[in-house]
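Protein chains: 2
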Amino acid sequence: MKKAFVTGAAGFIGSSLVDRLLNDGISVIGWDNLSTGQERFLENAHKNKNFHFIKGDNLDLPALTKAMHGCDIIFHLAANADVRFGTHHPSKDLEQNTIATFNVLESARSNKIKRLVFSSTGSVYGEAAVIPTPEDAPFPLQTSLYGASKVAGEAMISAFGEGFGLQAYIFRFVSIVGERYTHGHIFDFYKQLTEDPTKLRILGDGTQRKSYLYIQDCIDAIMHVLNYKSSKPSLFHTEIYNLGTQEYIEVNTSVKTICSQLGLSPTLTHSGGKKGWIGDNPFIFLETKKILSTGWKPKLTIEQGIIRTVEWLKANPWVYDVRDKT
Amino acid sequence: MKKAFVTGAAGFIGSSLVDRLLNDGISVIGWDNLSTGQERFLENAHKNKNFHFIKGDNLDLPALTKAMHGCDIIFHLAANADVRFGTHHPSKDLEQNTIATFNVLESARSNKIKRLVFSSTGSVYGEAAVIPTPEDAPFPLQTSLYGASKVAGEAMISAFGEGFGLQAYIFRFVSIVGERYTHGHIFDFYKQLTEDPTKLRILGDGTQRKSYLYIQDCIDAIMHVLNYKSSKPSLFHTEIYNLGTQEYIEVNTSVKTICSQLGLSPTLTHSGGKKGWIGDNPFIFLETKKILSTGWKPKLTIEQGIIRTVEWLKANPWVYDVRDKT
Chain A
225 MKKAFVTGAA
235 GFIGSSLVDR
245 LLNDGISVIG
255 WDNLSTGQER
265 FLENAHKNKN
275 FHFIKGDNLD
285 LPALTKAMHG
295 CDIIFHLAAN
305 ADVRFGTHHP
315 SKDLEQNTIA
325 TFNVLESARS
335 NKIKRLVFSS
345 TGSVYGEAAV
355 IPTPEDAPFP
365 LQTSLYGASK
375 VAGEAMISAF
385 GEGFGLQAYI
395 FRFVSIVGER
405 YTHGHIFDFY
415 KQLTEDPTKL
425 RILGDGTQRK
435 SYLYIQDCID
445 AIMHVLNYKS
455 SKPSLFHTEI
465 YNLGTQEYIE
475 VNTSVKTICS
485 QLGLSPTLTH
495 SGGKKGWIGD
505 NPFIFLETKK
515 ILSTGWKPKL
525 TIEQGIIRTV
535 EWLKANPWVY
545 DVRDKT
Chain B
225 MKKAFVTGAA
235 GFIGSSLVDR
245 LLNDGISVIG
255 WDNLSTGQER
265 FLENAHKNKN
275 FHFIKGDNLD
285 LPALTKAMHG
295 CDIIFHLAAN
305 ADVRFGTHHP
315 SKDLEQNTIA
325 TFNVLESARS
335 NKIKRLVFSS
345 TGSVYGEAAV
355 IPTPEDAPFP
365 LQTSLYGASK
375 VAGEAMISAF
385 GEGFGLQAYI
395 FRFVSIVGER
405 YTHGHIFDFY
415 KQLTEDPTKL
425 RILGDGTQRK
435 SYLYIQDCID
445 AIMHVLNYKS
455 SKPSLFHTEI
465 YNLGTQEYIE
475 VNTSVKTICS
485 QLGLSPTLTH
495 SGGKKGWIGD
505 NPFIFLETKK
515 ILSTGWKPKL
525 TIEQGIIRTV
535 EWLKANPWVY
545 DVRDKT
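Heads up: the protein sequence lines correspond to chains A and B, in order. In case it helps, this note's numbering puts the first sequence at residues 225 to 550. In case it helps, this note's numbering puts the second sequence at residues 225 to 550.
The shape of chain A in the complex, shown without the other chains:
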């Protein structure tokens, strides 16, 4: 790995990965349409002569193909990551995730780039029949357009593996938290509490059980797998890893941690029901035996990850201003 192409380079996970790659001495071309990505996340990267940023959109195939030239690995992280509002604009997941991923694959093929890392999601398991959910869980039904678009992405990637010899690593993430976190329940709760510290409204009945992983543990895992000899994709050229911790947390517990960290005791109201929204998955807990068997393990617990996230949001109120504009 000498020169990496990172899509979604200005995003939460993308920019954290860019910093790590540069720190490891790898040249990086960062690609982002800046629709939700933040240029401030790339401030450190821009100080490094091995970093080159190109503003562009994955739906612009010729520009994407040109930008990728000379790279030997692609980290395809750009996506519409908003699971909750999928039904508000159904074509968004198709365009920004499914078609975008196809374009990344076609650009890779044109440029003869043979290695790809893809950020998938635990949402592909829908309401999983087996919990904790292993990578080879029963063929699931999709419950969100986001999950559907990530399944489509995974499927095209493995077909390109078989058809064109692409070596791909697919990571099915739980929700990632930590520095540069810009959407999700902690983001929403913190915003509510800054506006009115006496009240907090929670979607669903708060008993939803979710899994989280700290951003630096996530980046560690990806880099570890890429450097881990026996993890090289062989049969079908595609390797899939769940990425999470060996624990989960109830939304109500997560709320307690956030409030305690902020020294607040708001009155809680719940919208009710087992699900927070249409397509919400009330219990996400991935089996992580496969990634643990490579020798990686997370350094932070879910609670520690949530605390770091709250501290970062406190120190970076500007993210609410820019997010409100999008």
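One or more of the hints may lead you astray.
No copy labels: a pair is met if it fits in one copy or bridges any two.
As the list claims (entries may be wrong) - Lysine-lysine pairs mimicking BS3-like chemistry, simulated, CA-CA at most 27 Å apart: (1) K498 with K338; (2) K336 with K499; (3) K290 with K316; (4) K338 with K499; (5) K226 with K538; (6) K521 with K273; (7) K423 with K538; (8) K423 with K279.
Derived from the structure by calculation, the hints contain no laboratory data.
Based on these hints, arrange chain B on the given structure of chain A.
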């Protein structure tokens, strides 16, 4: 079910379904872009006052939405069904299958049509880890762009089920054979034998084991499930059924049946290897317990289906002329 919208209405399976629906007293709007569909397949349908044909393409969302108006069920059968040449034109499966299916779903939503039947494929199981392969087989890796596009279609359909209350029936077909069969190994073998009855070239080593289902058995199964009370989708609104017989056949055996039916003894040559082409699945055999439990069963064996296909090709040499033009 009063008025059905059939995409791919001029195709092999589509036109056979149209005939059945009309025969059952159901009004039909047939929709086809005639890229591979044959108007001759609709000759009988056109004699029925309950049939209305509209030439159009699934990629034309406004026209599709308009055409669907007033229907209460959609049979979405239109697709690029050519598994073998997926790597020759990777965008074809994305456009004609994935994006086309999204457009069908959006049109259904605009028209408040709440029932949908989708023709998926046993190819979604890739190289299945479990054979015979049940509907809830381990989450597979895709080996063809065709399979990937059908997985994408299934995923969007079930997400629309959860998000918008669509009631969907997904059928994962083995290869369908019989009258109006216009592509596949029997089609290719018959063509070779009419050009030179002394030679037959077979892709792979001929030991590939495949499953086939006779077209009228396929249509029977779809109609049976739609009329079968307890098969109504409940949880997640999507029901998936494998569709095949309880047998499979080796390509070499299939060749013997075809040659014997034609009274020929050609010299056989094999291209070699376990697979016929990149992405070919050397063993397809679906578990059919779920569909059998509804009371449906196939009337014809695989061998009988192959014989009917050969007889139909003999009687309809014109299909080779029109296919050669496409």
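Checking an output row: K498 and K338, CA cutoff 27 Å. Within, between, both or neither? between (43 Å within a copy, 25 Å between copies)
Regarding K423 and K538, is the shortest C-alpha distance of 27 Å or less found within a copy, between copies, in both, or in neither? within (18 Å within a copy, 77 Å between copies)
Have a look at K226 and K538 and pick one of within, between, both or neither, based on CA distance no larger than 27 Å. neither (37 Å within a copy, 59 Å between copies)
One pair to classify: K521 and K273, alpha carbons no more than 27 Å apart. Within, between, both, or neither? neither (32 Å within a copy, 68 Å between copies)
Please sort K290 with K316 into within, between, both or neither, judging by C-alpha distance up to 27 Å. Intra 24 Å, inter 22 Å, cutoff 27 Å: intra and inter.
Check K423 against K279 for me: Cα-Cα at most 27 Å, and say if that holds within a copy, between copies, both or neither. Close neither inside one copy (40 Å) nor across copies (58 Å); limit 27 Å.
My question is about K336 and K499: at a cut-off of 27 Å on alpha-carbon distance, are they close within one copy, between copies, both, or neither? between (44 Å within a copy, 25 Å between copies)
If the cut is 27 Å between Cα atoms, do K338 and K499 qualify within a copy, between copies, both or neither? between (40 Å within a copy, 23 Å between copies)
Consistency note: the structure conflicts with the earlier hints numbered 5, 6 and 8.
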